[in-house]
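Build out the structure end to end from the sequences listed, making use of the hints.
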Amino acid sequence: MYDGSKKEASISVSNQEKKTPYLIQSWVEDGTQKAPFIMTPPLFRLDAGQENVLRIIRTGGQFPDNQESVFWVNVKSIPASEKTDTNQLQISVKTRIKLFYRPAGLPGDAAEAYKSLKFTRSGNQLVVNNPTPYYVSFYSVSVGDKEINDAGMVAPKSTLTWTLPAGAGGAVSWTAINDYGGISPAADAPL
Numbered sequence: 001m002y003d004g005s006k007k008e009a010s011i012s013v014s015n016q017e018k019k020t021p022y023l024i025q026s027w028v029e030d031g032t033q034k035a036p037f038i039m040t041p042p043l044f045r046l047d048a049g050q051e052n053v054l055r056i057i058r059t060g061g062q063f064p065d066n067q068e069s070v071f072w073v074n075v076k077s078i079p080a081s082e083k084t085d086t087n088q089l090q091i092s093v094k095t096r097i098k099l100f101y102r103p104a105g106l107p108g109d110a111a112e113a114y115k116s117l118k119f120t121r122s123g124n125q126l127v128v129n130n131p132t133p134y135y136v137s138f139y140s141v142s143v144g145d146k147e148i149n150d151a152g153m154v155a156p157k158s159t160l161t162w163t164l165p166a167g168a169g170g171a172v173s174w175t176a177i178n179d180y181g182g183i184s185p186a187a188d189a190p191l
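Residue numbers (my numbering): 1 to 191.
No lab work stands behind these hints, which were simulated from the structure alone. Be a bit skeptical, because a hint or two may be false.
Stated by the list, open to error - Think about it this way: if two alpha-carbon atoms lie no more than 27 Å apart in a straight line, the pair counts; the simulated BS3-like pairs of lysine-lysine are:
| id | residue 1 | residue 2 |
| --- | --- | --- |
| 1 | LYS7 | LYS76 |
| 2 | LYS118 | LYS98 |
| 3 | LYS98 | LYS157 |
| 4 | LYS98 | LYS6 |
Being a predicted model, the structure only gives us computed values, none of them experimental.
Following this line, the structure appears as structure tokens:
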């Protein structure tokens, strides 16, 4: 989460390997193109057992001041290769993390936003309405004992629709992912 009242945010990257160094490349995007943020350092070597801090700095852009905006932090790790006479397969891993830009002074509490969601049923569709200025990322959503797969997230002041699993009925129950990556207590509501 990038607090709009601060000049930067940061995340730590660590190499848990015992001997393999990695080349780390990092950037922020809005899903399709580069976002108005820079990450420093954008490219560096991370030796075995070491840790480094990536700083995220806003470089401009126009964001709504009455709700959150979402971007994606990408961190690609490329392992060093050993010089051998045999063929090797090396795999680089790209980690993609949500970055929420939260303007200063938003009303309400982001940690409690998931409790304000309103669920309705329309035929075989489940619709969630988010009246808050915060994104809500779902950890789980279920209707009765039927789980909604890949629930995703609902944008501020928006709705999201899912097709209900066959036989789903009863109350809806949901949990959300908080700012620290933890799981919220369950909330439920009748349909």
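task: Identify every previously stated hint that the structure contradicts and give their numbers, smallest first.
output: Of the numbered hints given earlier, the structure breaks none, since each of them holds.
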